[in-house]
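Asker: Take the given structure of chain C and dock chain E to it, following the hints.
There are 2 protein chains.
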Amino acid sequence: MKSTHHLSRIARQVALPVTALAVTLHIAATAAAAQDVQGVISAQAPLVIKAQGSFYIDGRIVHSDAVSGQPGGLPFLGTNEGDIAVGQMYVQYQIPANAGRHVPVVMIHGGDLSGKTYETTPDGREGWATYFLRKGRPVYVPDQVSRARSGFDVTTINEVRLGRRSPSELPLIFVLPNQVAWLIFRFGPTYGTPFRNEQFPVRAAGQLARQVVPDFNFALPTPNPTLANLSRLAIRLRGAILMGHSESGGFPEQTALMNPQGIKGLITIESGCPATLTQEQLATLARIPILIVFGDHLADVPGSPLDWPALFRSCATFVNSVNQAGGDATMMHLPAMGIYGNSHMLMQDRNNLQLADLILRWIDQHVERHR
Amino acid sequence: MKSTHHLSRIARQVALPVTALAVTLHIAATAAAAQDVQGVISAQAPLVIKAQGSFYIDGRIVHSDAVSGQPGGLPFLGTNEGDIAVGQMYVQYQIPANAGRHVPVVMIHGGDLSGKTYETTPDGREGWATYFLRKGRPVYVPDQVSRARSGFDVTTINEVRLGRRSPSELPLIFVLPNQVAWLIFRFGPTYGTPFRNEQFPVRAAGQLARQVVPDFNFALPTPNPTLANLSRLAIRLRGAILMGHSESGGFPEQTALMNPQGIKGLITIESGCPATLTQEQLATLARIPILIVFGDHLADVPGSPLDWPALFRSCATFVNSVNQAGGDATMMHLPAMGIYGNSHMLMQDRNNLQLADLILRWIDQHVERHR
Chain C
1 MKSTHHLSRI ARQVALPVTA LAVTLHIAAT AAAAQDVQGV ISAQAPLVIK
51 AQGSFYIDGR IVHSDAVSGQ PGGLPFLGTN EGDIAVGQMY VQYQIPANAG
101 RHVPVVMIHG GDLSGKTYET TPDGREGWAT YFLRKGRPVY VPDQVSRARS
151 GFDVTTINEV RLGRRSPSEL PLIFVLPNQV AWLIFRFGPT YGTPFRNEQF
201 PVRAAGQLAR QVVPDFNFAL PTPNPTLANL SRLAIRLRGA ILMGHSESGG
251 FPEQTALMNP QGIKGLITIE SGCPATLTQE QLATLARIPI LIVFGDHLAD
301 VPGSPLDWPA LFRSCATFVN SVNQAGGDAT MMHLPAMGIY GNSHMLMQDR
351 NNLQLADLIL RWIDQHVERH R
Chain E
1 MKSTHHLSRI ARQVALPVTA LAVTLHIAAT AAAAQDVQGV ISAQAPLVIK
51 AQGSFYIDGR IVHSDAVSGQ PGGLPFLGTN EGDIAVGQMY VQYQIPANAG
101 RHVPVVMIHG GDLSGKTYET TPDGREGWAT YFLRKGRPVY VPDQVSRARS
151 GFDVTTINEV RLGRRSPSEL PLIFVLPNQV AWLIFRFGPT YGTPFRNEQF
201 PVRAAGQLAR QVVPDFNFAL PTPNPTLANL SRLAIRLRGA ILMGHSESGG
251 FPEQTALMNP QGIKGLITIE SGCPATLTQE QLATLARIPI LIVFGDHLAD
301 VPGSPLDWPA LFRSCATFVN SVNQAGGDAT MMHLPAMGIY GNSHMLMQDR
351 NNLQLADLIL RWIDQHVERH R
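So the sequences go chain by chain: C and E. Sequential numbering from 1 applies to the first sequence in this note's numbering. Sequential numbering from 1 applies to the second sequence in this note's numbering.
The following block holds chain C by itself, in its conformation from the complex (with noise of 0.2 Å):
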């Protein structure tokens, strides 16, 4: 246990904002319950699920000319056309048999990657979805739309291949590779080179590898189709807290923005802030309760293509501008509070649980003591 003697020691080294250190006081505790607790439920504890499955939210019926890129459509088709569903959101869901009064938590993946973000970890321990329902929280983990089991649109690339478009009109889509991730991501300073601290199980860095699905966003209408989808669950589950990650990580507040009705709290991770809000967007942020979350290293990777500290700072100005509107806007900057090495892939990282209950005490905190 030498490094949770060092993560104390450092953890009271460290000059704490007053938000933080609110937070920061119940890191003693919830540190050491975390690992009680880890030992008590281990993958060996049966979990009790009341309900689980899986179902689709919205969508529509578009026609589509080009259902295959072959002129004529495939044989087994007998035809290149018909009606396509475009814009569905898949949200794969357990309750569990504790739930209480609990809120539902909305887990939403970041850029080219899927729900899978919060199952089982690169070295195989357990995510976040399991752990939270472990908590007694509903979890809901969509596939953003156009990504992953949600599906795409096939329609442009195929009357590209049938010569019916230019090239040109292909939909603009990526993946990251593993030299872009390690640095986006903050695996360490250089590609391969692990920070010493390190949280992210960079030996496993090839199974987060296998886990990217392209992405499409950049195809999508504006606004991304996925903002509406996931209005429509707060309000279909009467109430959720929505959860989002990198690209992901506005879209809780952008929904909020949108429509707040449903939306019992935002939670964002490792992504930048809105800039530039009316004094009315700041009214409608200000009544939610609002976490921000980001790990260690942001101004170490000299090589990120994206400029963390920048980002961090639009949180921080962003946290302190709902908060002087009347809000209940927390800024969980986890070296800050003594927990040093995680990445931006903190729901993988090696105490990802830790973190968890971090956010698990927040929630019952901030969101559900009003309830």
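You may find that some hints are simply not true.
As the list makes no split between identical chains, a pair holds if one copy fits it or if it spans any two.
To be verified - The list that follows gives simulated cross-link-like pairs (lysine to any residue, SDA-like), each with its CA atoms no further than 25 Å apart:
id	residue 1	residue 2
1	LYS50	GLN207
2	LYS50	PRO138
3	LYS50	ARG350
4	LYS50	ASP123
5	LYS50	ASN351
If you are wondering where the hints come from, they were derived from the structure by calculation, not from laboratory data. Here the structure is a predicted model, which is why all the values come from computation and not from measurement.
Answerer: Structure of chain E alone, referenced to chain C:
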């Protein structure tokens, strides 16, 4: 009900092997039991899960020189090349507390679909993945390689967008439009008109449309990497029953022919069967219990681009060949067993749990009785 009579006649004409007869004799009792059981194990009965999670099988790291379709790369990538994973297969699993020594069941989805196939039905009833779990079976649900949460290789699409390749080099991908799905899946004789005894919940067909995920199988190497991944999964599980459907209906047998290690049973739902097998191949398949399942109305959709009667005949012949080689192959042709109206998507049909009970019974008697 012309077709029913027609198929019953065919069923009578097909010499049923002894094993199939054995199953058929249980039908009356099983069907009644299924009704009782459905009343007891409603969606409200808690599930007790020993372990759950997900992982990727296999895949390899390759260099891509077009991780995005933007010249020079997207700004937040800082490059347009790097190493990416291809060929990996996502697998989600749950192991029930009451698994005992039950053999895990791997449920492989069909064309244009994902693992969602086996989850909640389009009209919101419990799917096979959860139902098998209730019956004590460890359940593993993959997304086929290059589909859904397994991702796909974007390189060629991006290279075409960048003008480095010709549009004709785009991968041949497809989706099933609603009009074709209605016919191929045998929801009724013509689009929009269901059979009078149709078991698929056609009013929820729009939800099935939302399950569609573009299919890259024509763009994959031969043999399809999903087969090797299924083999590795069966070996890793130290024994598994492989269940395939439609496009993947033959995957269990193809995987067993590649390497029978770890494969304890083969279930082919609504697909064609191999026509020409060597004596050695037959001998391999004769060592593994095999179940073939077909629904109703095979000959009742004149506009179907798929020739279901021919596919059925290929499997009837296959069953006979395997049994003549000393194997244990069973044809479960539902209308021949007094179960009418089942569609191609029979795991989502209204009587899906009754059918699950038939399959579970077959597993008990043909796969697990030997253990």
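Asker: If a hint holds in the structure, say so; if it does not, say that too.
Answerer: Each hint, compared with the structure:
no. : hint           : in the structure
1   : LYS50 - GLN207 : between (31 Å within a copy, 24 Å between copies)
2   : LYS50 - PRO138 : both (10 Å within a copy, 18 Å between copies)
3   : LYS50 - ARG350 : between (29 Å within a copy, 22 Å between copies)
4   : LYS50 - ASP123 : between (28 Å within a copy, 19 Å between copies)
5   : LYS50 - ASN351 : between (28 Å within a copy, 22 Å between copies)
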